Amino acid sequence: MLDYTAMILAIGPELWLAATALIGVLLGAVLKDKFNALAFKFGALVLFAAAAFSLMNYQGGEAFNGLVRTNTFVNFAKFVSYAIGGVTLLMSEGFLKRHNTIRYEYALLTIFASLGIGMMLSAADLMTLYMGVETLSLSSYVMAAFHRDSIRSSEAGLKYFVLGSLASGMLLYGASLVYGFAGSTEYVAIAAAEPSVGMMFGMVLMIVGLAFKVSAAPMHVWTPDVYEGSPTPVAAFFATAPKMASMVVFANVMYTVFGGVIEQWQLILSIIAALSMIIGSLGALTQTNIKRLLGYSSIANIGYALVAVAAGQEFGAGPLLVFMTLYVIASLGLFAGVLSMRRRGGMVEGVNELGGLMRKRPWLAIALSVLIFSMAGLPPFGGFFGKWEVLNAGLDAGLLPLAVILVLASVVSLGYYLRLIKIMWFDEPTEKFEAIDGSVTFTVIASAVLTGVVFLVFIYQLSGWAGNAAAGLPI
Amino acid sequence: MGGFPILSAMTFLPLAGALIIMIVRAATAGSRDETQAGSEGRTALMAGLIISGATFLVSLAAFAYYNPAEPGYQLVEQYRWYQNISYKMGVDGLSIALVLLTTFLTPICLLASWNSINKRVTEYVVAFLVLETFMIGVFTSLDLVLFYIFFEAGLIPMFLIIGIWGGPDKIYAAFKFFLYTLIGSLFMLVAVVYMYQAAGSSDFEVLENYEFARSAQTWLWLAFMASFAVKLPMWPVHTWLPDAHVQAPTAGSVVLAGVLLKMGGYGFLRFSLPMFPDASHLFQPVMFALAVVAIVYTSLVAWRQTDMKKLIAYSSVAHMGFVTLGVFSFNEAGVQGAIFQMLSHGIISGALFLIVGVVYDRMHTREISAYGGLVHRMPIYASLFMLFTMANVGLPGTSGFIGEILTMVGGYQASSWAAFGAALGVIFSAVYMLTLYRRTVFGQITNPKLNAIKDMNRIELICIVPLALLTILFGVAPNLIFNITEGSALRVLNLMAGG
Chain A
1 MLDYTAMILA IGPELWLAAT ALIGVLLGAV LKDKFNALAF KFGALVLFAA AAFSLMNYQG
61 GEAFNGLVRT NTFVNFAKFV SYAIGGVTLL MSEGFLKRHN TIRYEYALLT IFASLGIGMM
121 LSAADLMTLY MGVETLSLSS YVMAAFHRDS IRSSEAGLKY FVLGSLASGM LLYGASLVYG
181 FAGSTEYVAI AAAEPSVGMM FGMVLMIVGL AFKVSAAPMH VWTPDVYEGS PTPVAAFFAT
241 APKMASMVVF ANVMYTVFGG VIEQWQLILS IIAALSMIIG SLGALTQTNI KRLLGYSSIA
301 NIGYALVAVA AGQEFGAGPL LVFMTLYVIA SLGLFAGVLS MRRRGGMVEG VNELGGLMRK
361 RPWLAIALSV LIFSMAGLPP FGGFFGKWEV LNAGLDAGLL PLAVILVLAS VVSLGYYLRL
421 IKIMWFDEPT EKFEAIDGSV TFTVIASAVL TGVVFLVFIY QLSGWAGNAA AGLPI
Chain B
476 MGGFPILSAM TFLPLAGALI IMIVRAATAG SRDETQAGSE GRTALMAGLI ISGATFLVSL
536 AAFAYYNPAE PGYQLVEQYR WYQNISYKMG VDGLSIALVL LTTFLTPICL LASWNSINKR
596 VTEYVVAFLV LETFMIGVFT SLDLVLFYIF FEAGLIPMFL IIGIWGGPDK IYAAFKFFLY
656 TLIGSLFMLV AVVYMYQAAG SSDFEVLENY EFARSAQTWL WLAFMASFAV KLPMWPVHTW
716 LPDAHVQAPT AGSVVLAGVL LKMGGYGFLR FSLPMFPDAS HLFQPVMFAL AVVAIVYTSL
776 VAWRQTDMKK LIAYSSVAHM GFVTLGVFSF NEAGVQGAIF QMLSHGIISG ALFLIVGVVY
836 DRMHTREISA YGGLVHRMPI YASLFMLFTM ANVGLPGTSG FIGEILTMVG GYQASSWAAF
896 GAALGVIFSA VYMLTLYRRT VFGQITNPKL NAIKDMNRIE LICIVPLALL TILFGVAPNL
956 IFNITEGSAL RVLNLMAGG
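Order-wise, the sequence lines are chains A and B. Quick note on our numbering: the first sequence kicks off at 1 and runs consecutively. Quick note on our numbering: the second sequence kicks off at 476 and runs consecutively.
The set of hints was computed from the structure by calculation and includes no laboratory data. Careful: at least some of the hints might be erroneous.
30 Å max Cα-Cα, derived DSBU-like pairs, lysine-lysine [stated by the list, open to error]:
1) B:Lys651 / A:Lys360
2) A:Lys360 / B:Lys594
3) A:Lys159 / A:Lys97
4) A:Lys97 / A:Lys360
Predicted model only: the values in this text are computed from it and were never measured.
Construct the complete structure from the given sequences, taking the supplied hints into account.
Dropping the structure here:
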């Protein structure tokens, strides 16, 4: 006798997202343009509810004969991703309205993307994993090209699609190899299977596919282009909710599927991490477009997070959650900051447009500075503890060279973070930005307060939550 | 002490004050127009003076509760914070002395900015108060991670102070300052993580009694050295200092020379010696060599400078060489001398930067050749300048003498060659300081602009005279300081000896 209640609870948030997304499609068909503005509130509400849902059944459960299995580790990531997805949706409304592209499809795509996030996080089977990854990716391709009249946006969408499909192909091929040699697609069965050369081949291909999704070097090249070309709120979404989720999925796959053969992949992940840190921080040095700069900085930050993944489940799982949570909140705030760079009816994206922001909008400048320093991992802001945890994990696992590279990359990254600070604080003021919707300013300041101050004092709380969540992973 | 967290109150009072100033400014932003900008700045400066003055009083109160007869940490506050990291504050003789130096210099810095800072004054005051919190925190924290947070956080306000209110090349200097210091301290961070994992705690008292393996000590010592050598600064990583000093506003230079450099010496005494005694012994010859090179080489460099501030900056590097010499002589005279030298140099170099600031505010140049014959127009200035010149040279009767002679005595016991090298530096310091003094103060007035120059005004006197009095007081009665620091100096040496 199947326990339907437990099953439904296990995939509750995803069922909810799928159902509401379909209702949204129906509403859109009936209400047509009248639904456009409403859809954003609707979508945000749906996502916040999904976040709450993922907390309700935080301990997790199993469904569909082991196709889906959740635990606290993935539920933590689900909660953060859904909540942040909801915030990006609220932030987007004003931007799209001003660009005359406010359409309900955008909100629905965000919900569908979140559905993909939920599925890949809940996956306990390679098939579910692939389905989730693809649901997220396909929604993302469309979102990247959402400004269909803009050449840059279409280009971003196409680039993302072509490269993303290639990566998906790698992931699928890797998964099929693993299936062929392990004899099952279920995580548990693969983990129990005798490792073989073929399976390792499959694993490497899967790593390549997943590394693309988290934009780790050397599979990172799409990131700056897509961030730059996509409409800013879309880039804000890409940089936050899917990043958090993909990173945790990456870790989940490495820990639960290949946890037994860590000596086989620790070096690969260390190299990917080192390359990401180096390429990300060096690449960002010369950028003049703030979205590209943030793209490169996200590559570097993913590199730091991968240090935690490479440290293995025992040491790295908790720190990964702490680091990624602090990172995505800071990222959200910075992208909200980019959204507030509006002048004479148009958006500006040059780094120099921030010139003298301290004189014109002091609170915005202070909040952005806090976020930047926090992302740079400089004390006394919360982001420091993200780095602290990752460094701890790396040294615990004996990855001293990675720790040294992390430290050196941090110094290099300060080069461009400080340049932003310099532009905002030292340079002569440029023209004042136009006033922007309250939700955007609120997001900037709230995320600055959250990463900069709240999670400095209450870091033990976040760390405790993450530690408990990591303890939910099967050993 | 009925459990009142006086150290926390002292540490965070400036930060709280800075927040209040910011909020008040934001609240009154609507009713303000450009013409009132000046008066608003004065109000902010006044508020900053009151807050930092109050902090000084609180630090005096803390000092009153401090018992110099006890060598250990006192006034300890401890709360469990995060993992095995505690929020732990406390002071011993070494740190209370440096705290007093900090809280004493900050109001002077703000007062010295009264006329010289005219743009974005509110932000300036806020930056200074935030910096004060971080500086005090460095000396009062008894947990390695907490220390690291304060140590590194101090970079941000100093970066802003140099970058916003500095001279023409300020951006370069600010970046150089930040990146140099950061690269050192990030290596320290790796070492901090290692120590934390090895000892299972980041509490100073635990770490002091934890015996790190010999091989690990070497690496940890080097990582800490990377940070403190940049901060102190030691040759050859001192090159950020002249740039930072020259570009920083006067008050920025004062606090940089007066307090920030001392963090390096403090770090050596607090971490390198007691926690890694084997490695310290191992590297003693290297440190002596670097100290002597710093003293001799930078003294010679200072001699050739044409910019007054740069000259004093190089002289700072040389004087910090005495601190290194004293610290690594591992005997009481040396360590006591090093602590004394840090305090004395904090006062003297701070005063010298203020002295330069006085004429810079009037003439807007720091070129030595632009001056000459100041004694004819500025007699008070000339006499105060004389006093600090002599103190910097190390004339008996001034505090500079005590620090130099004791570090050399300590150094001599450990290595006579090192003391010999350092003694050369004393001679050179007389050469460059007297040259500077002769060329700026004596002679005939050659630059016609100098004819109208006015002697020091009341604000400048209020800033400098207390420093002058302290210089003489500590020169005549050095026991005032030695009594405070003796306990902790002996404690450091005991810990080193494994006791």
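Hints, one by one, checked against the model:
Taken as a hint, the B:Lys651 and A:Lys360 pair is honoured in the structure, with Cα atoms around 27 Å apart against an allowance of 30 Å. For a cut-off of 30 Å, the pair hint linking A:Lys360 to B:Lys594 stands: about 15 Å separates their Cα positions. Of the pairs offered as hints, the one joining A:Lys159 and A:Lys97 holds, with about 26 Å between alpha carbons and a cut-off of 30 Å not exceeded. Distance check on the hinted pair: A:Lys97 and A:Lys360 sit about 25 Å apart at the alpha-carbon level, within 30 Å; holds.
Violated hints are absent here; each numbered hint is respected by the structure.
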